[in-house]
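Q: Build the complex: two chains, separate frames, hints provided.
Here is how the chains run, residue by residue.
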Amino acid sequence: MILFILIIVIAFITQLFLPWWIIVPVVLLCCWAKAKTASSAFIISFMSIFLLWLVMSLFLSFPNDHILANRVGLMLGLPEASYNWAVVALIATLPGALTAGFSGVSGFFLRKILSNN
Amino acid sequence: MKTISILKLFLFFGITVCCAILFNIKIADVPPLGKFLSPFTGFWQTAENTNSIKNFILINSGLKENVNILMDEQGIPHIFANNEHDLYFAQGYITAKDRLWQMDFQTRYASGRLSEVVGKKAIELDRYQRRMGMVFGAEAMLKESISDSKSRLIIEAYSQGVNAYIQKLPPKDYPIEFKILNYEPETWTPLNSALLLKLMSATLARGTNELAMSNILKNYGNNVVNDLFPNYPFKEDPIIPKGTIWEFGQNNAKVSIINSPVIADIENTHNKKNDDWLFSSRLLTFNKPENIGSNNWAISGNKSSTDFPILANDPHLDLTLPSIWYQIQLHTPNLNVYGVSIPGAPNVIIGFNENIAWGVTNVGSDVLDWYKIKFKDNTHREYLFNGKWRKTKIRIEEIKIRGEKSIFDTVYYTHHGPVSYTKNTKPDQFNMTNNIPENYALKWVAHLPSNELRTFYELNKAKNYNDYREALKYFSAPAQNFVFADRQGDISITSNGLFPLREKRQGKFLLDGNDPTDEWHGRIPYLENPTIKNPTRGFISSANQWPVDQTYPYYLGWEFAPYERAHRINTQLDSMHNASLNSFKKLQTDDYSIFAENIIDTLINSIENETNLNELESKSLSILKQWDNRYRINSIAATIFETWTTELYNSIWEDKFNSKESLMRYPSRDRTIHLLLYEPESQWFSSETEKRTRNQVVIAAFKAAIQQLKNNYGKQENWEWAMVKKTHVPHLAAIEGFGSRVLKVGGSKHTVNANSEKNGPSWRMVVLLGKSVKAFGVIPGGQSGNPGSKYYDNQIITWEKGELNELLFLENDIPNQKGIINRIELKNNP
Numbered sequence: 006m007i008l009f010i011l012i013i014v015i016a017f018i019t020q021l022f023l024p025w026w027i028i029v030p031v032v033l034l035c036c037w038a039k040a041k042t043a044s045s046a047f048i049i050s051f052m053s054i055f056l057l058w059l060v061m062s063l064f065l066s067f068p069n070d071h072i073l074a075n076r077v078g079l080m081l082g083l084p085e086a087s088y089n090w091a092v093v094a095l096i097a098t099l100p101g102a103l104t105a106g107f108s109g110v111s112g113f114f115l116r117k118i119l120s121n122n
Numbered sequence: 004m005k006t007i008s009i010l011k012l013f014l015f016f017g018i019t020v021c022c023a024i025l026f027n028i029k030i031a032d033v034p035p036l037g038k039f040l041s042p043f044t045g046f047w048q049t050a051e052n053t054n055s056i057k058n059f060i061l062i063n064s065g066l067k068e069n070v071n072i073l074m075d076e077q078g079i080p081h082i083f084a085n086n087e088h089d090l091y092f093a094q095g096y097i098t099a100k101d102r103l104w105q106m107d108f109q110t111r112y113a114s115g116r117l118s119e120v121v122g123k124k125a126i127e128l129d130r131y132q133r134r135m136g137m138v139f140g141a142e143a144m145l146k147e148s149i150s151d152s153k154s155r156l157i158i159e160a161y162s163q164g165v166n167a168y169i170q171k172l173p174p175k176d177y178p179i180e181f182k183i184l185n186y187e188p189e190t191w192t193p194l195n196s197a198l199l200l201k202l203m204s205a206t207l208a209r210g211t212n213e214l215a216m217s218n219i220l221k222n223y224g225n226n227v228v229n230d231l232f233p234n235y236p237f238k239e240d241p242i243i244p245k246g247t248i249w250e251f252g253q254n255n256a257k258v259s260i261i262n263s264p265v266i267a268d269i270e271n272t273h274n275k276k277n278d279d280w281l282f283s284s285r286l287l288t289f290n291k292p293e294n295i296g297s298n299n300w301a302i303s304g305n306k307s308s309t310d311f312p313i314l315a316n317d318p319h320l321d322l323t324l325p326s327i328w329y330q331i332q333l334h335t336p337n338l339n340v341y342g343v344s345i346p347g348a349p350n351v352i353i354g355f356n357e358n359i360a361w362g363v364t365n366v367g368s369d370v371l372d373w374y375k376i377k378f379k380d381n382t383h384r385e386y387l388f389n390g391k392w393r394k395t396k397i398r399i400e401e402i403k404i405r406g407e408k409s410i411f412d413t414v415y416y417t418h419h420g421p422v423s424y425t426k427n428t429k430p431d432q433f434n435m436t437n438n439i440p441e442n443y444a445l446k447w448v449a450h451l452p453s454n455e456l457r458t459f460y461e462l463n464k465a466k467n468y469n470d471y472r473e474a475l476k477y478f479s480a481p482a483q484n485f486v487f488a489d490r491q492g493d494i495s496i497t498s499n500g501l502f503p504l505r506e507k508r509q510g511k512f513l514l515d516g517n518d519p520t521d522e523w524h525g526r527i528p529y530l531e532n533p534t535i536k537n538p539t540r541g542f543i544s545s546a547n548q549w550p551v552d553q554t555y556p557y558y559l560g561w562e563f564a565p566y567e568r569a570h571r572i573n574t575q576l577d578s579m580h581n582a583s584l585n586s587f588k589k590l591q592t593d594d595y596s597i598f599a600e601n602i603i604d605t606l607i608n609s610i611e612n613e614t615n616l617n618e619l620e621s622k623s624l625s626i627l628k629q630w631d632n633r634y635r636i637n638s639i640a641a642t643i644f645e646t647w648t649t650e651l652y653n654s655i656w657e658d659k660f661n662s663k664e665s666l667m668r669y670p671s672r673d674r675t676i677h678l679l680l681y682e683p684e685s686q687w688f689s690s691e692t693e694k695r696t697r698n699q700v701v702i703a704a705f706k707a708a709i710q711q712l713k714n715n716y717g718k719q720e721n722w723e724w725a726m727v728k729k730t731h732v733p734h735l736a737a738i739e740g741f742g743s744r745v746l747k748v749g750g751s752k753h754t755v756n757a758n759s760e761k762n763g764p765s766w767r768m769v770v771l772l773g774k775s776v777k778a779f780g781v782i783p784g785g786q787s788g789n790p791g792s793k794y795y796d797n798q799i800i801t802w803e804k805g806e807l808n809e810l811l812f813l814e815n816d817i818p819n820q821k822g823i824i825n826r827i828e829l830k831n832n833p
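Residue numbers (the numbering used here), protein chains in the order written: chain A, 6 to 122; chain W, 4 to 833.
For reference, chain W alone in the conformation it holds in the complex (with noise of 0.2 Å):
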């Protein structure tokens, strides 16, 4: 009888110690369930309660003196210090406070670390990250930054701000994503800010087509490449207007490197080296993804019903929540600035004060190059460069696994930079490597010893054109057209940022890295970057388009983003009189395709004569004659349009350009568009087995497409724009239930009001300088990046409907003023 007991007791607390033990770890990616579902240590201890909001105090001796944070009713934080120390420790603080998952995730995506928590199957992930130097990159950043003593200052309070908030965090307050994932947060460096500036680097700036580019010139030949992919667009409307006069570059000596002869065929002289492995790759194809479009315009007194500039920005990024910036505003005795913040990186990056204004759109310029390394043997000690052998610098990683041995990579530093993948190194099934030649050298802007951190310490405290002048020369990548405007009424915009100073083939193709004449060349001067200042048409803009025309006389990369945002607002701000916060509003939500009006009486003309057209394409060809060109939300014409057009220009150039031995790419719209318009009766409609005209292909394409959005979508009514395209906005670790539900939302990605499935304006802002600054902005999200707080997500409503919200820009510190509901009290410890 009492055997018997001892056997159950043995079996039923086997059975209990199972339990405890499975349901405290976690299993592939089921969070521990025991501990994350309790309510004492789980997720619910995140559910914040949404009507009470607790004043607190933190103490701590890090600080100087004390600080007085308010919050208002949108969750934002003004910060009232009384020197510069406490100011970034206290913005550290908080913006740890509300998104401190997010900042350590991004940190760890940056830097190749996301193994450590999600396990194996982030190893190419981390492996890429790695290879492409990212931490090489920010540690240049960061030792440049700390020379500086002030950005010195600023990078290591900040640092310590965020470490005050992790410290006191107990583990029941962990965002969730920690407790879903089940690990801890670590203590944060300066290097992790630096890394998340380097992040902006990578999302924008580190595109390349060098690879694709090179394949089609061997496959195609120069002529070809001149003809498909010119250096200049047929249609441009660039950020400097046309025929502005550059007072520099003729008698610069460092101008006459561009004026040296072009070296004249590329292709032979890869053919001279007879390298069979230059262009061999294990590669697929993509296709070239349409550049995210980003807006920043301002306008001078005499256009504004203000009398003073109205300045207004919406960069367009991958939208993700937890929300991309963090709304702050940042005082001292000695400075007064709002704007929005990089969670994880000190300072506002786009944002006003008293006195300006400013806001920036992506530059995509080519700042990045691939050299072809000649290796002594394989053990990469050496390489060619200049006919003599150098040695390369050694890098080794350390790639730390989750639940498994950690393991090393080897990375071979040229003085180019990192050669990412030698050769047959590339993994198979990750795409991100696609366009990455192999045993080649990276050499990018990004890798260079920077100090944007004092760029934008130096915008926050601006006071006029000149104080801007001397922020941007700081500033190295990722290049950006910083847009300005201040209230004595001066307006102004640079493209601005770190472009080499190289001739003009270099760049489009890969480069030789044994030949000291591809090398870099130094750098375009920092005061001849493209700029202007109050030019008299009295606006300036830029949507990522080419900043200058073709009379510039230094290279700044060969393509750019398509210019039918930009002309759209140019055509726009230039018929504004009187322009006020509303037209500002208006335009950013624009939905009008410049693509559309160029291109669709052609394509419709094309079909017109065609006879065999079924009951549905009649119909759908008729509802395209009425369209307005506008991409609105129900709109049923720009469905089609978009479908028809998407067909189309993958039909004339997939066989061409899509190759499963090498990767090459399609030329742009605008050469398409040229194609279309001007050259119907050209070779490249005609298929390799088949001759086709212009007009036979958009047919064909027209019933392709039909055919498509019936077999996608079913019955007429449900091709409605903004149900096909289903803008919505994803978690950043795709957590399923954690992002937003498919927004109503107009536009496509090529009117002002750019965006797309996951992309479109992180930002919008619009500020009415004058004798007291008036400001308002929203982000497609909130400012706590809790998905169990009201604030992770109200402000998308208000985005969704384009409208703003009014910023409140406090000038002192009184607790209970209008707009502010509770305090947070930093105290010094001494």
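Pulled out of the complex, with its shape left as it was, chain A reads as follows (with noise of 0.2 Å):
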């Protein structure tokens, strides 16, 4: 739980200045210092960051009545219907959620190569 949350916060902070990909040293770092298992290191890596996504997708979707996410929906090929924001929002999250998952993985082996000096 404190992986998940310290993830989020410094996930959410660097990214209001730095490029999405800043994910990856942030979350290799911090399961680097607190994960338990690789499988664990996925999960909570790949959660936090389709939940940071997802809220804050939400966050800019909502006040702009989903005009927006149901154009990007079309282009995306989606077909017509009310509720393509909600799809695209999910889809949305993933390529930044995976890279934060593998590189939660990482940071996991790297924190078991460490440990065993």
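Don't read these hints as lab results, they were simulated from the structure. It is possible that some hints are incorrect.
[Stated by the list, open to error] Now the stretches of chain A that chain W is said to cover, found in silico as 3 or more residues with beta-carbon under 8 Å:
id, segment
1, 14-26
2, 52-62
3, 91-104
4, 107-116
[Unchecked claim] Taking lysine-lysine pairs in the BS3-like style, the calculated list, with each CA pair at most 27 Å apart, reads:
id, chain 1, residue 1, chain 2, residue 2
5, A, K41, W, K5
6, W, K391, W, K377
7, W, K123, W, K29
8, W, K11, A, K41
9, W, K536, W, K747
10, W, K747, W, K622
11, W, K628, W, K589
12, W, K476, W, K153
13, A, K117, W, K11
14, W, K175, W, K379
15, W, K464, W, K622
16, A, K39, W, K793
17, W, K171, W, K793
18, W, K777, W, K466
19, W, K171, W, K57
20, W, K5, A, K117
21, W, K153, W, K466
22, A, K39, W, K171
Using N, Cα and C, we set each Cβ at its ideal position, and we do this for glycine too.
A: Written out as structure tokens, the structure reads:
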């Protein structure tokens, strides 16, 4: 849980100023410090960025009445539907969440190597 | 154990890095997904809050004094500045804020720089624009404009304003299309504004039929050309009413040129030269597209319910989102004007002020010619003119391509203009070049130095008829019918632009670049361009038709848009008394077809005695018999008539003028109507193998049309006109989801409410002049270029219904007045 919150907080702050891929070092370092197993590192890292991006997207999309998200849905080839914004918001988290997940696992193995010393 | 962990670390870190890289670059047409989908940097950032609109302040050292911009409920800016520099700075700034990507993309399109952002798929398009001399023309225009201190001030201040916006724009706030295509906005230059004005010339005055006409002359001879491609239509209702006396001409030395004997036989001239490659071209054929239809008109006070003139304009173009026009009000102590502007160019192009209103439609005059060039050798360094070798000028075009090495393209310029494609350089698979002959130089009015900016500046602050006439003299291209009305009661229309002075035969066919008598002989003097003031009939109008009758002493071209829309407008205006806003609104959305009126009885009579009709055909015929000639939204008769006449037109001409070997074109609709009405036994109805009469062709076309409708749309209740026509507004770069839905609008290409699948009125305006001017307007889109803004397409519904919004014309910049929702302050930083 600490790891989860830690990633969300740091990833949130750094992404306000830096490119999206800053989540790679952020997640890596957090998991190096705190991860317990490879699978939990993946799940926690994935879920934290998934949640962060989802909430942030919806935070921007609701005041917009989802005008843009629905248009992007059509652009991405979704059939016309009033709930497209929700599908778009879920899909949109995947690049970030996946990258974070793998970075988390890397962080865990880094911890394992260094702690064996 | 540890080795395995190290291997796993490498494995997973490798995957992580791969993800980070893959999601950060554009692969083919897929945007960089991580960057694009991230809510911190990606498209979500461009989702505008639909409720709260913030006031804000920009501080910039480029300003002389402070500027106030009031934004109204439609998202339209009203700029209040104390001097002209600040006014145009603010216009550039606020336009960039709403339309930056559109400005960038259209400039790239015009100047042949799209490959820089979309990669090699745009190479041929870029090459085409360069070879047509688009940048060459824009440079000539800019040079002329900045030699005029007023135009220079305007165009430079505008650029500064655009750049003030770009400089403060963080990447997360880039318009969404930059994010999709993954590139950055670049510094704006005055040349870009010139390019956008040239783009209007390219859209409206770059059509060319010379090659097709020369091929027809070669294949069929002079008699057929004179018969099927006459120099004046049999039905016409010109802009300057028939019978108007021209008070110039006979005594003017320049006119003698056109009175000199016309070179009798062009075919012989060409044969004499014995050039086997003259007509050779590797071409596909195309059907002549129907002219896109703009309208404007004005009535004098004695026909109007207000006792003052009323003016209307609806320029038609290929519709796009972001919208073609940007609405704006510009105010200084010496100027107060409202109207639509071109995103990326200063001034108001169509609009009104307290005193006057004006509007434009295109003049389809012939302002483009092709001159055959004889090069000395394959180096293209010298060409023959008047029997002597002259040197070409070489212009090397670097086309930068995203992700690849630049290509360099050499274009040879003669004194006529660029040789767009030398022999064997035309691309095979690029249909924009179909009608371009190889080894011909392009002479085009849009290449000549000009200062159109000044016209619009002068119109923006014009007070009366004399100011209007003064403003128009600066205007070259694309030639426009400038309709005018003022509150003193004057109305006027001028077919205005630089019209080359030529002999009557010139321009219909390809010309000889060696022969000095084939050159343009200067221009028609500005004062002798077709114009009329306060005609006795009490109204003026234009709809792209012929500006004049056949007594006009100069040659303007040989073919203009068909007369049907103009005739409908004129008969309606003629019968109007006490005309009001509503009468004008009704006329702008009029869907009555003069074309149908002229021909439907003949068509129905031709088929009347046919006994061999199936049930669907009989039913369709009886629907047509009850038709009121209106292209209504739900009319099935309109769909049947349109499909039938299109099929008929093609079946008459296709086997004669559609050949794989040489590019030709079909005779006009006007000529086809004459054939159908008065020449039922004409040989043109027959095909090569079969003798046919008009009635046989008409019946066959009818049966084919019904079959086609049945195949494409199924049951007859699905044949409703609006659903078949499918008018919609696509995105400028055709991005799926960023365009409009299919809109339910009536009208067809030849009705006053002219529209087709992707084409229609790009701005509708009605101005009621008077002690205080009242105006109404609508664009098929909205003010914002951002697909994530509610102002992106909020006016479309109003446009679709044929309604107009009242335009807010402010007198002062008090912030909390009615209709104003927020304020942007531009502050000078001393």
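Q: Each hint should be assessed against the structure and marked as holding or not.
A: Taking the hints in turn, this is what the structure says about them:
1. Judged by the Cβ-Cβ criterion of 8 Å, the segment 14-26 of chain A is covered by chain W as claimed, because 5 of its residues qualify and three suffice.
2. With 3 residues having a Cβ less than 8 Å from any Cβ of chain W, the segment 52-62 of chain A passes the three-residue criterion, so the hint holds.
3. Check on the segment 91-104 of chain A: 8 of its residues sit with their Cβ under 8 Å from a Cβ of chain W, so the three-residue criterion for coverage holds.
4. For the segment 107-116 of chain A, the stated coverage by chain W is satisfied: 6 residues place a CB nearer than 8 Å to a CB of that chain, which reaches the threshold of 3.
5. Between the alpha carbons of A:K41 and W:K5 the distance comes to roughly 17 Å, so the proposed pair stays at or under 27 Å and holds.
6. At most 27 Å may separate the alpha-carbon atoms for a hinted pair to count; W:K391 and W:K377 meet this at roughly 11 Å.
7. With a CA separation close to 14 Å, the supplied pair W:K123 and W:K29 stays within the 27 Å bound.
8. Annotation: proposed proximity of W:K11 to A:K41 holds, straight-line Cα distance about 16 Å (limit 27 Å).
9. Distance check on the hinted pair: W:K536 and W:K747 sit about 38 Å apart at the alpha-carbon level, beyond 27 Å; violated.
10. A C-alpha spacing of about 25 Å is found between W:K747 and W:K622, which places the hinted pair at or below 27 Å, so the restraint holds.
11. About 25 Å separates the Cα atoms of W:K628 and W:K589, which keeps this hinted pair within 27 Å; it holds.
12. Restraint check for W:K476 and W:K153: the C-alpha separation of about 15 Å stays at or below 27 Å, so the hint holds.
13. The hinted pair formed by A:K117 and W:K11 meets the criterion: a straight-line CA distance of about 11 Å does not exceed 27 Å.
14. Our distance criterion of 27 Å between C-alpha atoms is broken by W:K175 and W:K379, whose separation comes to about 56 Å.
15. Between W:K464 and W:K622 the CA atoms are separated by roughly 59 Å; this puts the pair beyond 27 Å, and the hint is violated.
16. With a C-alpha separation of about 45 Å, the suggested pairing of A:K39 with W:K793 is violated against the 27 Å cut-off.
17. Between the alpha carbons of W:K171 and W:K793 the distance comes to roughly 24 Å, so the proposed pair stays at or under 27 Å and holds.
18. A hinted pair counts as satisfied when its Cα atoms are at most 27 Å apart, and W:K777 with W:K466 qualifies at roughly 16 Å.
19. Taking the CA atoms of W:K171 and W:K57, the gap is near 17 Å; set against the 27 Å cutoff, the hint holds.
20. With a C-alpha separation of about 8 Å, the suggested pairing of W:K5 with A:K117 holds against the 27 Å cut-off.
21. Under the criterion of a C-alpha separation no larger than 27 Å, the hint pairing W:K153 with W:K466 is consistent with the structure, at around 18 Å.
22. Distance check on the hinted pair: A:K39 and W:K171 sit about 40 Å apart at the alpha-carbon level, beyond 27 Å; violated.
The structure does not agree with the numbered hints 9, 14, 15, 16 and 22 stated previously, though it agrees with the rest.
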